[in-house]
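S.K.: Please build the complete structure, drawing on both the sequences and the hints.
Residue numbers (this note's numbering), protein chains in the order written: chain F, 1 to 377; chain Z, 378 to 975.
There may be inaccurate statements among the hints.
To be verified - List time: in silico EDC-like cross-link candidates among lysine to aspartate or glutamate, alpha-carbon distance up to 20 Å:
#, chain 1, residue 1, chain 2, residue 2
1, Z, Lys940, F, Asp297
2, Z, Lys946, F, Glu291
3, Z, Lys931, F, Glu65
The set of hints was computed from the structure by calculation and includes no laboratory data.
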Amino acid sequence: MHVPFCTDRCTYCAFATMADRPALHRDLVDALLLEYGRRPALEAGMETVYFGGGTPGLLAPGLLERLLNGLQARSRLETGAEITLEVNPTNVSKDALSAWSELGITRLSIGIQTFDDAVLAGFGRHHDGDLGRAALDLIAEHWKGLWSADLLVGFKDQTSQDLTFDLAQLLKRSAPHISVYGLTIEPGTQLHEQARRGSVVRLEDTYMDSYDILWSSYLHGFGYERYEVSNFALPEARSRHNQAYWRNEDYLGIGPGASSSRHPLRWSNLRDTKQYLEQISGNRDTRHHVERLQPSDRLLESLGVGLRTRDGVDIDELERRFGDSWRIALAAGIQQLKQQRLLEEVDNNLRIPATALTRADSIAAVFARTMELPPSQ
Amino acid sequence: MNRDCIRNFSIIAHIDHGKSTLADRFLDITRTVAKRDQKKQQLDDMDLERERGITIKAKAASMDYIKDGKKYRLNLIDTPGHVDFNYEVERALAACEGALLLVDASQGVEAQTVHNTMLAEQADLMIFPVINKIDLATARSDEVIEEIENALAIEGERSMKVSAKTGEGVRELLDAIVDRVPPPEGLQDAPLRALIYDAEFNDYRGVILHIRIVDGALTAGARIRLFEGNTRHEALEIGIFRPALTPVKSLSTGEVGYLIANIKTLSDVRIGDTIVLDKDSASEALPGYRPARSMVFCGIYPVQNGEFDNLRTALIRLQLNDSAFTFTPESSDALGFGFRCGFLGLLHMEIVQERLERESGVDIVQTAPNVTYEILTIDGEVLQIHSPSEIPDPTKIEEFREPVVKLDIVTPDTHVGAIMKLGIDRRGRFLKQEYIGPGRVLIGFRIPLSEIIFDFFDKLKSVTRGYATMDYELENFVADDLVKMRILVNGEEVDALSTIAHQSHCEPRGRAILKVLRKEIRRHLFKVALQAAVGGKIVAREDIAPVRKDVTAKCYGGDISRKRKLLEKQKAGKKRLKMVGNVEIPQKAFLAVLSADD
Numbered sequence: 001m002h003v004p005f006c007t008d009r010c011t012y013c014a015f016a017t018m019a020d021r022p023a024l025h026r027d028l029v030d031a032l033l034l035e036y037g038r039r040p041a042l043e044a045g046m047e048t049v050y051f052g053g054g055t056p057g058l059l060a061p062g063l064l065e066r067l068l069n070g071l072q073a074r075s076r077l078e079t080g081a082e083i084t085l086e087v088n089p090t091n092v093s094k095d096a097l098s099a100w101s102e103l104g105i106t107r108l109s110i111g112i113q114t115f116d117d118a119v120l121a122g123f124g125r126h127h128d129g130d131l132g133r134a135a136l137d138l139i140a141e142h143w144k145g146l147w148s149a150d151l152l153v154g155f156k157d158q159t160s161q162d163l164t165f166d167l168a169q170l171l172k173r174s175a176p177h178i179s180v181y182g183l184t185i186e187p188g189t190q191l192h193e194q195a196r197r198g199s200v201v202r203l204e205d206t207y208m209d210s211y212d213i214l215w216s217s218y219l220h221g222f223g224y225e226r227y228e229v230s231n232f233a234l235p236e237a238r239s240r241h242n243q244a245y246w247r248n249e250d251y252l253g254i255g256p257g258a259s260s261s262r263h264p265l266r267w268s269n270l271r272d273t274k275q276y277l278e279q280i281s282g283n284r285d286t287r288h289h290v291e292r293l294q295p296s297d298r299l300l301e302s303l304g305v306g307l308r309t310r311d312g313v314d315i316d317e318l319e320r321r322f323g324d325s326w327r328i329a330l331a332a333g334i335q336q337l338k339q340q341r342l343l344e345e346v347d348n349n350l351r352i353p354a355t356a357l358t359r360a361d362s363i364a365a366v367f368a369r370t371m372e373l374p375p376s377q
Numbered sequence: 378m379n380r381d382c383i384r385n386f387s388i389i390a391h392i393d394h395g396k397s398t399l400a401d402r403f404l405d406i407t408r409t410v411a412k413r414d415q416k417k418q419q420l421d422d423m424d425l426e427r428e429r430g431i432t433i434k435a436k437a438a439s440m441d442y443i444k445d446g447k448k449y450r451l452n453l454i455d456t457p458g459h460v461d462f463n464y465e466v467e468r469a470l471a472a473c474e475g476a477l478l479l480v481d482a483s484q485g486v487e488a489q490t491v492h493n494t495m496l497a498e499q500a501d502l503m504i505f506p507v508i509n510k511i512d513l514a515t516a517r518s519d520e521v522i523e524e525i526e527n528a529l530a531i532e533g534e535r536s537m538k539v540s541a542k543t544g545e546g547v548r549e550l551l552d553a554i555v556d557r558v559p560p561p562e563g564l565q566d567a568p569l570r571a572l573i574y575d576a577e578f579n580d581y582r583g584v585i586l587h588i589r590i591v592d593g594a595l596t597a598g599a600r601i602r603l604f605e606g607n608t609r610h611e612a613l614e615i616g617i618f619r620p621a622l623t624p625v626k627s628l629s630t631g632e633v634g635y636l637i638a639n640i641k642t643l644s645d646v647r648i649g650d651t652i653v654l655d656k657d658s659a660s661e662a663l664p665g666y667r668p669a670r671s672m673v674f675c676g677i678y679p680v681q682n683g684e685f686d687n688l689r690t691a692l693i694r695l696q697l698n699d700s701a702f703t704f705t706p707e708s709s710d711a712l713g714f715g716f717r718c719g720f721l722g723l724l725h726m727e728i729v730q731e732r733l734e735r736e737s738g739v740d741i742v743q744t745a746p747n748v749t750y751e752i753l754t755i756d757g758e759v760l761q762i763h764s765p766s767e768i769p770d771p772t773k774i775e776e777f778r779e780p781v782v783k784l785d786i787v788t789p790d791t792h793v794g795a796i797m798k799l800g801i802d803r804r805g806r807f808l809k810q811e812y813i814g815p816g817r818v819l820i821g822f823r824i825p826l827s828e829i830i831f832d833f834f835d836k837l838k839s840v841t842r843g844y845a846t847m848d849y850e851l852e853n854f855v856a857d858d859l860v861k862m863r864i865l866v867n868g869e870e871v872d873a874l875s876t877i878a879h880q881s882h883c884e885p886r887g888r889a890i891l892k893v894l895r896k897e898i899r900r901h902l903f904k905v906a907l908q909a910a911v912g913g914k915i916v917a918r919e920d921i922a923p924v925r926k927d928v929t930a931k932c933y934g935g936d937i938s939r940k941r942k943l944l945e946k947q948k949a950g951k952k953r954l955k956m957v958g959n960v961e962i963p964q965k966a967f968l969a970v971l972s973a974d975d
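M.R.: Laid out in structure tokens, this is it:
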């Protein structure tokens, strides 16, 4: 469920967002439910729900409740389903935490990025280091469910001490889950424009290489598992929702800019919230891009996302989806990568050894280049 | 047509001195081409020729011109303007009695003007200078006339001054052609003897022979025989160039035209052969031509091994049109099965490569070109070496010889120092320096061909700010201290990157090649070691560090298609890559070693 509202737009952000308009909250919630009602009903129950954005933490608990009820009116929520809410430090209060808990939210994902005031201000974030720490203290003290904090690495002038300091703040509060995202410069962002005009906005790659060793060994020492290249979790604290993406399973995305996958189809919605709302109220299609995937497309995707995880790609699942042909298609790549010790088969999974996980994209690219496709029909 | 009314002539000129524009003006004034059919530069037929503004194949046009109430047939035989195609110039000139020596009024005499004038003199033609572009503000006609006298020993006072662009003086020039170019000689009543001075292949008509009737006459429908080829044909169609093919009933002594005789491929025809009537068994052949000789060779391989047959078909097709282009199958450990191809020079090579890609759609990898070498073995045998892979074991070599050319450079005298340095760096031996006009110098070198085929001309242009021109002529093969330098990628020899180099140049050359390779080969997931070796000795080494980490950004549902598209880009890029072991070498790298600057 994509809630596009944000108090301000961060300079690095390329998601479909718009400046917050509380008067539109109710319209959006109704529109989301209308779109959901138009999609084919889910055959099985819902295993995970993710309120992302944007900043869904801006929605009043009453509207979140309306959304959750609406969802369950058409399909059942599995027992023990994971329900995640994305929030910013400014949204967190003792009252909000208890309200979210009562609604059945099981997991919070909080955008911290860093505790460095100057950097936060530079990115256009609406909180400073103290507010971030205060929000985490509240969560650590009052939140009974799982939670995760996002950190950003690779911004200009970031030192290894800066990074260790940021990590230490999370470790002190025993964050069950930490995402460490490398800063990327996406087209259409303010950051992109700054870089285009010649400003240095990112750290050089050579620093990033050594920082990666630093943060991953640090987190490893504290008992975190790097279960995906950017994601670290204490035991039993992995994000179930994101793992479904990485296994390339089907998912339904509702809201402006949201993507859905229902093999062999994949589609995404209009990114502009106003346009999205108009389409919904005019009873018209909100999708602006629909594609039909060939099995080879899907195979490539399964590797592209699956190899980024520590578990790798499930071989039984490959066989179920692609029959025997996957092994023929991938034979050359598998042989080459195994020889170079960049790929292994463990517990019936095709995976990258832990030491090479940061090169997952380059390794997937080897498959892209060596893939043998049966002649198309 | 009465041979007294025929004038056969060609225009010899340096590139850009306005030959094609002048030809267009002739067609215009003689109304040979209706205005509405006019494309700029009528005689340049191939797309490539028009794009590059150069003439590759000799072309012809028959024009009717009336002077003093009498109708004349002017046959213009166009000649190529690049050193690679000198052999075509010679052939075209043999069909003429006169040559216009066209010189740009501001550029003056160039190296190629000197060479082509010599060719025309050897062919015993009536040569007269024409100064073109006199409308330019920078024109210096009188100086240029002086240069012509000094450099070419041709009387300048009879020079014509024209502007092909504005048409000024062009009518007077046509009059002068009638007055000065002698009519063709030849025996009108003798048995037919016609010279094949060129041939082209047409998809619908088969081979079209370009011919000059030397003795007798040829009528449509005649039974003919190609003298040397000893094949018999029927003259299905004969005609003249207007410049489009225009059939006529007969061609008489001295006339120039074409012949279509149901000949399937160009390889069935020898340019320079004589056409006789089948019944005239006693006829003697006309003096022919020396065959064109390939001097530059390179390997051409399909990127996809499965495309080998398509590539071969494409090469055969190209050869139909270009008998100077040769190819034989070869194989390379690194590149698989492909062909060793021979060219007249580097421009010829570029043109063939461009036509291959354009016309066949086969993705190709091309190796660095090399010249033909000779090796004298200790057994006294002389081997022709067209590829580094053909070099025998060093212990079997008595002498390693390379082709050496006589190189002429014409330049403003302010650049003499820079040219001397360039020539000597490239192992050239200085021969002479002569003033051909105020401030203009002709410099001569004896220099190995291998040193000038790659980028010498570009270098020359850059040290003289574009003012110098050059031309060369093969002299002989000379023994020198030559060796094969191998390139190793992760310990594996890449035979397609091997080169032949002078012993004293190996180390800097090796280092330069590896530097280029390092730039062209992307980082891999493992370290890639590049080495240059002569015999067992490593003379240079470069390493490419492995990828250590990719950017690890967020990856959620909306990113999955984006991720796939990024991967698909890699898949598309693969088309232009060759695998050596596990290392991907882009096609560009095989040619980039050429531009390696030591």
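S.K.: So if I understand the rule, the pair passes when the alpha-carbon distance is 20 Å or less; does Lys940 (chain Z) with Asp297 (chain F) pass?
M.R.: holds (11 Å)
S.K.: Are the Cα positions of Lys931 (chain Z) and Glu65 (chain F) separated by 20 Å at most?
M.R.: violated (28 Å)
S.K.: Can the restraint linking Lys946 (chain Z) and Glu291 (chain F) be considered satisfied, given a maximum Cα separation of 20 Å?
M.R.: holds (18 Å)
Checked against the numbered hints given earlier, this structure breaks only hint 3.
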